[in-house]
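Asker: Chain residues, written in single-letter form:
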Amino acid sequence: MNDKEIYKQKKLFKYLLIHLAIITFVVICVYPLLRILSVSIRPGDKLISTDLSLIPAGATFAAYVRLLKETLFLRWLWNSLLITVATSFIGVSLASTAAYAFSRFKFGGKKGGMILLLSTQMIPAGMLILPLFLMIMKLGLMNTYLGMIIAYSVSSLPFSIWILKGYYDTIPRSLEEAALVDGTSQLGAFYRIILPLSTPALSIAFLFNFTTAWNEYLVARVVLFSSKQYTWTLGLFELQGQYITQWGMFAAGSMLVTIPVLMVFLYSSKWLISGLTLGSVKG
Amino acid sequence: MDILYSIYEVLWFALIVLTGIALIEGYFYYHFKFYDRRWFFPVALIGFPLAAVAFCRALGLAADPFRPLLWFLGSEALITLFFRHIVKGRNQLAYLLLAPAFIGLALLLVYPFIFEIYLSFHDLKLTTIMQWKNTGVLPFVGLRQYVNVFTTSPLSEVTFWALLGRTLWWTFINVFFHVTGGFALALLLNNSIRFKGFYRTLLVIPWAMPQVVAVLAMRGEFHSQYGFINIMLVKLAAAYPILASLGIGPVQWLSNYPLATCTLINIWLGIPFMMVVILGGLQSISSSYYDAADIDGASYLQKLRYITIPLIKPVLMPAVTLGTVWTFNNINVIYLVTGQSGGTEQADILVSALYKAAFTYNRYSYSAAFAIVIFAILFFISVFYLKSFDAAKEER
Amino acid sequence: MKKKFFSAALALSSVIVALCSCARPKSPLDASTIILWEQEDAQVAPYIDSVLAAFKNLPENKAIQVVRTHYQTEDLRSQFQAASLAGVAPDLIMCPSDTAGLFAVSGFIRPVDGLIDTSKYNKAVMQAITLDGKIWGVPVSNGNHLMMFFNKKYAKTAPKDTDELFKFCATDARAYKLDFCMAFDMGEPFWLMPWLAAFGGWPIDNKTPTLDTPSMRSAINFYLDLKFNKKYAPPECDYNCMDSLFKEGKTAFIINGDWAISGYQQHFKKDFGLGLIPKVSSTGLWPAPMVSGKYFMISSGIKPEKLGIVRRLMEFYTNRDNQIKQFKELQRLPSLAEASKSPEITGSEVSRVSMEQISKGRPMSMATEMRAIWDSARNYLGLATSRKLSVEDAARKMQENAAQKISEMNR
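Chains as they are written, first to last, in my numbering: chain A, 1378 to 1660; chain B, 114 to 509; chain C, 28 to 438.
For the record, the hints were derived by calculation from the structure and aren't laboratory data.
Treat the hints with care, as some may be off.
To be verified - To spell it out: a stretch of chain B is covered by chain C in this simulated footprint if at least three of its residues, at any positions, have a beta carbon under 8 Å from a beta carbon of chain C; those stretches are:
no.: 1; region: 242-250
no.: 2; region: 335-349
Stated by the list, open to error - Residues from chain B shown here face chain C by an in silico Cβ test under 7 Å; the list is partial:
no.: 3; residue: Asp236
no.: 4; residue: Ser269
no.: 5; residue: Thr272
no.: 6; residue: Ile361
no.: 7; residue: Ser501
no.: 8; residue: Phe502
Quick reminder that beta carbons are idealized off the backbone N, C-alpha and C, glycines included.
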């Protein structure tokens, strides 16, 4: 009886401790967001404030209203959303098949291919502006969404392929072999067995594709030049001048663009944790 | 527009040439089944382009033999690879699966890479740039730019080697804390507790937020007088005089410890990503391992050491390797934290120094060589990582 | 379920891709379209558009299209270079003179001598765009110079010299319990140059840096004194910090550029005061801010048949009426000599003081060597003012380093 109570208390204590630890981290993560919120409702376009109050004196939503009324913000948001969603789906589908090849086949140049993938990330991105510009122009992709989508889905491929390959490797081959014996094709086995089992990795890859494309600036700057085609990153940076930046609107925009990403994350939790079926078949 | 059209024409021409060659060659190869022989690669790769160039020259088509040679060599390589691996059918499916990804990568990244290599052996700077545009020719300088990379420095005070050391240190500290922080959070979140999804969403905020604003907001917190951190330090020192006597007090973060400030901010920024990756990785570990360990009476740490860490490696490894590469090349934080205030050199790493050379001083060739050196360093680091990972796998 | 999801996703993405490729816009690059790139602050865009619209409404310009694209300062530079190399440069760019040297040396812009009568613009603003005897741009506005602003709640007038300023700081500023008496961006060498001039120096002589001088040492010592002995200025403060301090009324004086005037007028209303940067009492010299302006520059890749349109556009943009309109809307001083003498300009206090400050200033050199000077000055100024290096060493190294960077750049 007594032992059980102690055990219970211990468990409760552990439970509280976990919550406490997580909440501390949550505060660290959320605090700057709150500061940005306060910049966005602070009058006078000030980035820094000398006091710590989160709700500034004379708080106003004028910046939000101006952002939506005076700029093409909604249009930019829509452009970004289109590009990002297309990028994420294309990127993940390309990566999932390529990773399958890397994980399940033995072929010449497999190791080299994996390293080649990595090495595409090793040249400092800023150095690619000039060749990228020439390239995009030669391909006739200037100022098109297609150019952006190709560039984005390709540039996050290396990470997606690597992470998916790592995950596929943990799925026992016996599962597919059983299916192959039953007469399924190799691709069928991939589609019916591997994909459903690797939703956690797929959702990591998806989230990665999504956030990278959503927040990207450099390529967008090279490819797009008319403000109707802009993504929100280019649009918001229009508010930043050499000396004067309209911090109020800038912060308001930043708050608004964070929402879709958080929604995607919230939704992704279902997929991120759903590989649990693995437990029953492994080992 | 004219230029666009002329380029289209050139591309079309190249495509037609390539198809033509492939058809003729293909017939021979297929008919005689040369592609099985051991001498197939060397003979095809050396013999054919040379013959083609000789043929062109005989017709008086190519004045400069170098470029066509490259063209033919490239086409030939593609054709031979195609025959060897796809026509033979040994790995048809694998190559088909890989093809879209690699064609995309080649499209986007091969040209820039060759471009950089070309620049690094030539001399492109402000005074030669117009000549290059008009004639397409640049003075060839051999390895001089590479020598310059190692002997001079784009910065005033800091040498290349000191910068390299600083960069390695910056990368190590950042990646280390990203992984440990991410791991700790993922383990905490992997417990069955309430509000899990909610917590997880809030914890990814630094990753989800636009980086510019996130960094600028954090930077504000490091202000010597009005930043949250120093205000807290002042209050702490006032409340506990013993801390003040130990030297804890407000710090001029941005002017005295810019790199440390950047590191702290970058760590904050990078943890959520690792957390999500590790959280996903934890799903790949079957609970039966833990059940078995529980029966054996293993402690929490033992389970961590012998089950979690080894089994999460396949997922963690790519994230760590790429994280290293990205951190090594990441200047967003450094630029945003120091660049706007007065660009001190105390926080520069290799890549930010490179950008100064490239964009401030327009030393394009020098910076191209610099970028290639960075590439080589990273390449070595990654290969070393992967080798050690493979070794660890075999051990197990 | 999942299968459906995936096939739906694939279908969706392919449809999107198809749609996007259809949406490719026509490239407006024919002979009557002028592409203009600018890097102005966002609040300036409506003004530019209004002038461009007025230009298009002139009867002879009915067929002309002017496409304006905004870039950030750094982006404008890199994109203009890339586009010039690719042969698709915009016809016109509008930017400050500091990137002009780079464009001129690399041959991306063409001189405007002979195309436009340059004698009708103010002398100083033309000097700032002259390199190797050629004129590389048409000035849109005059200024971009630093001056002193103050909060009339605390100070009635601007101090004439530093003695007066320090007296105010020692007495009134204390009485008002201000955080700091004055604030300005002490990390950025642009703010150092006026003071350097007031101690008798200037950073560049033709194309040679002149940094290791007694004047530089005095200027740095002046900074150290302000920061650490007198404590009138904050020890660590960048642009955003000084701006916030001033707007929140925590400092009485700020040194900032003419670009900030309209923002401060809106913020402070009648409490906004402006004046000259005070004379340094110990030398009796006025600080000389660097003066330049915004300029139109013409791409060297422009088609000859467009030159006429571009010339008309630049002349229209800088005609008397538009120069006065520009002053009224943006508080930017005219570059056209005729306009700067007009009653609208001489009649207002803001422009009078601003003009006077310009007359005390000196043209900013457009030589590419300035880049090296800015960078090494910034670095060693930072080291000296955070007391990591002695003033003597800092000045000496500043000079050595600037010279070295210049030699590397030209090697």
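Asker: Give me the numbers of the hints this structure contradicts, sorted from smallest to largest.
Answerer: 3, 5, 6, 7, 8
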